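Chains as they are written, first to last, in our numbering: chain A, 1 to 212; chain B, 213 to 695.
No lab work stands behind these hints, which were simulated from the structure alone.
Remember, it's a predicted structure, so these values are computed and weren't measured experimentally.
Heads up, the beta-carbon is just placed ideally off N, CA and C, and yes, glycines get one too.
Among the clues, some could well be false.
Unchecked claim - Cut-off 30 Å, straight-line C-alpha distance, at most; resulting in silico cross-link-like pairs (BS3-like, lysine-lysine): (1) A:K159 with B:K692; (2) A:K159 with B:K535; (3) A:K159 with B:K691; (4) A:K54 with B:K535.
To be verified - Under 8 Å between C-beta atoms, here's a sample of chain B residues computed to sit facing chain A: (5) L318; (6) V333; (7) Q334; (8) D360; (9) P366; (10) T390; (11) M391; (12) S392; (13) G405; (14) P451; (15) R493; (16) A498; (17) S501.
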Amino acid sequence: MNHLEELGKAIRAYDTEGAGSSAQAAMEDGVDPLEGLDVVAGVMKEIGDGFESKELWLFDLIGAADAAKAALLVIEAKVLETGSQPDHLGTVVLGTVFGDMHNIGKTMVGALLTASGFRVVDLGTNVTSAEFIQAAKDNNADIVALSALLTTTAVAQAKVIETLEEEGMRDHVKVMVGGGAITAEFAEMIGADGYRATAFEAVGLASELVGE
Amino acid sequence: MAAEGIVRNLKPLEILTEEQVERIHRGALDVLEVTGVKVESEKARKIYEKGGCIVDHDDERVRFPPGLVEQSIRQCPTSFHMKALDRKNDLILGGTTTYFALFPGLRIADLDTWEVRQPTVQENHDANKIADGLENILASPSYTPYTDMVDVPPAMLLPVSTWSRLKYFSKISRVGTTMSSHIFEIQMAQALGVDIYGAMEAPPPLSWNEDATDCAIACAEAGFPVEPGTGGSMGATHPATLAGALVIGMAEVMSGVVLVQLVNPGNPVIVNCFPPPINMRSGHPAFGSISISLFQVAWNQIWRTRYGIPIMNGGSGPSSAKKIDFQVGYEKSVGAMLSAMSGANMINHCGGLMGELSYHPALSVLDNDAVGNIKRFLEGVKVNEDTLAIDLINDTGPIPGFFLNKQHTRDWWQQEQFTPLVSDQSTYPEWLEKGKKSSLDLARERADALLESWESKLSPGQEVEIDKILDDCRAWYKKKDLI
Numbered sequence: 001m002n003h004l005e006e007l008g009k010a011i012r013a014y015d016t017e018g019a020g021s022s023a024q025a026a027m028e029d030g031v032d033p034l035e036g037l038d039v040v041a042g043v044m045k046e047i048g049d050g051f052e053s054k055e056l057w058l059f060d061l062i063g064a065a066d067a068a069k070a071a072l073l074v075i076e077a078k079v080l081e082t083g084s085q086p087d088h089l090g091t092v093v094l095g096t097v098f099g100d101m102h103n104i105g106k107t108m109v110g111a112l113l114t115a116s117g118f119r120v121v122d123l124g125t126n127v128t129s130a131e132f133i134q135a136a137k138d139n140n141a142d143i144v145a146l147s148a149l150l151t152t153t154a155v156a157q158a159k160v161i162e163t164l165e166e167e168g169m170r171d172h173v174k175v176m177v178g179g180g181a182i183t184a185e186f187a188e189m190i191g192a193d194g195y196r197a198t199a200f201e202a203v204g205l206a207s208e209l210v211g212e
Numbered sequence: 213m214a215a216e217g218i219v220r221n222l223k224p225l226e227i228l229t230e231e232q233v234e235r236i237h238r239g240a241l242d243v244l245e246v247t248g249v250k251v252e253s254e255k256a257r258k259i260y261e262k263g264g265c266i267v268d269h270d271d272e273r274v275r276f277p278p279g280l281v282e283q284s285i286r287q288c289p290t291s292f293h294m295k296a297l298d299r300k301n302d303l304i305l306g307g308t309t310t311y312f313a314l315f316p317g318l319r320i321a322d323l324d325t326w327e328v329r330q331p332t333v334q335e336n337h338d339a340n341k342i343a344d345g346l347e348n349i350l351a352s353p354s355y356t357p358y359t360d361m362v363d364v365p366p367a368m369l370l371p372v373s374t375w376s377r378l379k380y381f382s383k384i385s386r387v388g389t390t391m392s393s394h395i396f397e398i399q400m401a402q403a404l405g406v407d408i409y410g411a412m413e414a415p416p417p418l419s420w421n422e423d424a425t426d427c428a429i430a431c432a433e434a435g436f437p438v439e440p441g442t443g444g445s446m447g448a449t450h451p452a453t454l455a456g457a458l459v460i461g462m463a464e465v466m467s468g469v470v471l472v473q474l475v476n477p478g479n480p481v482i483v484n485c486f487p488p489p490i491n492m493r494s495g496h497p498a499f500g501s502i503s504i505s506l507f508q509v510a511w512n513q514i515w516r517t518r519y520g521i522p523i524m525n526g527g528s529g530p531s532s533a534k535k536i537d538f539q540v541g542y543e544k545s546v547g548a549m550l551s552a553m554s555g556a557n558m559i560n561h562c563g564g565l566m567g568e569l570s571y572h573p574a575l576s577v578l579d580n581d582a583v584g585n586i587k588r589f590l591e592g593v594k595v596n597e598d599t600l601a602i603d604l605i606n607d608t609g610p611i612p613g614f615f616l617n618k619q620h621t622r623d624w625w626q627q628e629q630f631t632p633l634v635s636d637q638s639t640y641p642e643w644l645e646k647g648k649k650s651s652l653d654l655a656r657e658r659a660d661a662l663l664e665s666w667e668s669k670l671s672p673g674q675e676v677e678i679d680k681i682l683d684d685c686r687a688w689y690k691k692k693d694l695i
C-alpha cells in the first residue's frame, strides 16, 4: 500500500495520528502535495455523502474531519513550500464569536465544508474580531463564517463585519453567519452576505458565495 | 410561612447500587484532582488558590484536593428558606419537598403557524403575570419566560427579564449572568427585600467562564443561594455513557460548590446538571430523550443519599416537539414525574417548547395541570382507620350498596382525588355542546383569565425603585459602549 492509500485508509478509520504520519511520509517521498489534497478531498466527500444519506453518524463525520485536518496540516505546508496551486473551492475562516463557547454546530459546518472541497481554517470558540481579521488576512480567506448560539453574543457577529469594513476587506471577503440565536432578518440587519439554518445549507451557501 | 409544594410520601426512586454511587463519586473527585477545571476569571482562581486548590494561572487551571471538595459539600445547608415577594410563595428547599418552576424559551411560539417570533416586552410581562397565577408554579429561572425580546439590546436582555419577573411574578426568581448583569439584578432583589438565587452556568466540559464565577461570587457574598448548573451534551461535550456523563457533571458542579463555600462558608447551594444526548444527525441537543431522565434520576440519588444537598432538575423542561401535541405531553410529563419521584427539590419545567427555542403561556397552563397530577401521585396513599373505611364497606355491603351518598365520600373526595383544571374531562355530549374544545383551547382561555385577574404585589414605591435600577443599568452599559 502506498502512502496515499494509507492516508485514505487512516481518514476512513478516523486515525488522526495515522493520517498525519502517512501524509508526512508521502510528502517526504516527494509525492505531489496536490495529489495528497485530492485524496483527502475524495475521502472526505465519501464520508460527507455517507453522513448526508444517514449511513454515517455525526461522530463519523467529525472523526474523519479531525484525521483530515492532521493530514492537511502537513500537506498544506508542502503546498506553500512548492508554490503549487491547490484546486479547492475557496478558503473559509470559521469560528464561534467572542463570548460564546458553543462548538458543535461550528465544528459540523467545518467538517461538511471540508468534505465539500473547501479549505477550512477553524479558529475554535470565543474568537475575537481581531483574531478573525488576522486569520482572514493570513489565509487570504474568501469567506469568514461566524457562529453564535446565544442572543447576547450574536451582536459580536456585527462587530466582526464592522471590523472587516474598517480594514477595507469587506469587498473581497464574504461573510456568512449561523447559530441558534441567528435569523435571516438579523443576518440582513448586520450586513452579512448570507445565513442558513442548518450545517448542510451552510455548505450550499458557501458554494453560492464563491460563485460555484 | 411557605408554599405548600409537593411533599413526597413515597420511597424515592433509586436506580443505582450503593457501590455505583460510590464509584461515580470517586470518579468525580479523581477528575477534579488530576485534571481539574478551567477557570477564566483570575479573581475566582485566586479564591480557589487561597482555599487550598492547586492553581496554574497560565493555563487557567484549578485542581482540587479531594478533602477540600468533600469538606465544601459538607458545609452546604441540607435545606434553606427563600423569601418571595408574596410571602405565601416562600420556599423551603430541601428534604422531601419538590417545587416546580418555569422553563425558558428563546422566543414565543405562534399557536396558529407554530413558528417562532420575538416577543415584545409587554408579552414577556403578560407571560409572567399568567405564571404568577398558576398554583403549581413557584419559581422561575433567569432569562425566562422569553430570552429574546423586540427592541431590547443584547446587553439589556437579562436585566429587563429579571426586572419584568420581579414586577409581575411574585414568586422566587433566579438572576442571570451575562456581561455582569447580575450586579443590577441583585440590586433589584435587595431593593424589594426578596431572595433570589444566582446562576453559575458552565460552558462544558470542565470550564467556568468569568460571568458564571462572577455571578456566583456576588450572590454568595450577598448571602443568596447559588445554583452551580452545568449541562453539556452526552456524546459531544460530555461522554456518551451515562456513568461518564455523571462523573463529569458531578465534577463540574462540585467545583462550583467549592467556590461558593470558599466565598461564604455555609452559603446555600442547589445543584443542577442535565446533559441531553446530542442528536447524532443534526448536532442539536436531543431534548426529550429518556436518557436525560436516567441521568437525572441517578444524579438525584447521588446528591440525595451521598451529600444531602438540595437538587434541581431541568431536563423535562424543553421537549423537542414543535407543537403542543402528544410528543410534548409525554416527553415533559414522563421526565417531570421521574425527576419528582427520585427526589429533585426544584424542577424547571413549565412552558418550554421546541428545545430551548420557545415558550408559551398556554403550555405553562397545561404543564401546571400535569404537575397537579404529579403532586397527587407523590402524596401517595394515606392508610388509616378512616381511609381504610372497613366499617363503611361492611355497612354498605353489596348491590344496592352505594358510596356516592355517604358522608365519607364528601369528607375525603377532594383530599384523595385530583381534578385537573384545564385537561378535557368533559363527557362527549358536553364536549360537542361547548364547541369541541381541546385542552389547548381550554388552556388558552385560562391563560387569558389569569392575565385579566392579575394584581400587582408591589407598592408604587418599590416599582419606582426597581425602574430606577434598570435605568442605572442601561446607563452603565451605555457608558461601556455595550448599547
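Problem - Straight-line alpha-carbon gap K159 (chain A) to K691 (chain B), limit 30 Å - result: Distance of about 18 Å is within 30 Å: holds.
Handout entry: Proposed proximity, K692 (chain B) with K159 (chain A) (alpha carbon, max 30 Å)
Key = Roughly 15 Å between the alpha carbons, so the hint for K159 (chain A) and K692 (chain B) holds.
Handout entry: When the least beta-carbon distance from R493 (chain B) to chain A is tested against 8 Å, hint result
Key = This interface hint holds because 7 Å falls under the 8 Å limit.
Handout entry: Agreement of K159 (chain A) and K535 (chain B) with the hint, judged by alpha carbon distance not exceeding 30 Å
Key = violated, 35 Å
Practice task
Double-check L318 (chain B) for me: the hint is only fine if its C-beta lies closer than 8 Å to a C-beta in chain A.
Solution key: holds, 7 Å
Handout entry: Hint status (Cβ of P366 (chain B) to nearest Cβ of chain A, threshold 8 Å)
Key = Check passed: Cβ of P366 (chain B) comes within 5 Å of chain A, closer than 8 Å.
Handout entry: chain A contact restraint on Q334 (chain B) - CB to CB distance below 8 Å
Key = For Q334 (chain B), the interface hint is violated, since the closest Cβ of chain A sits about 19 Å away, which is over 8 Å.
Problem - Hinted contact G405 (chain B) with chain A - closest CB pair below 8 Å - result: violated, 29 Å
Handout entry: Hint validity - D360 (chain B) Cβ closer than 8 Å to any chain A Cβ
Key = With a minimum Cβ separation of about 5 Å from chain A (threshold 8 Å), the hint on D360 (chain B) holds.
Practice task
Take the C-alpha atoms of K54 (chain A) and K535 (chain B), compute the straight-line distance between them, and say whether it is at most 30 Å.
Solution key: Distance of about 25 Å is within 30 Å: holds.
Handout entry: Interface restraint verdict for M391 (chain B) against chain A (beta-carbon cut-off 8 Å)
Key = M391 (chain B) check passes; min Cβ-Cβ to chain A is 7 Å, inside 8 Å.
Handout entry: Hinted contact S392 (chain B) with chain A - closest CB pair below 8 Å
Key = This interface hint is violated because 12 Å lies over the 8 Å limit.
When held up to the earlier numbered hints, the structure conflicts with 2, 6, 7, 12, 13, 14, 16, 17 and fits the remainder.
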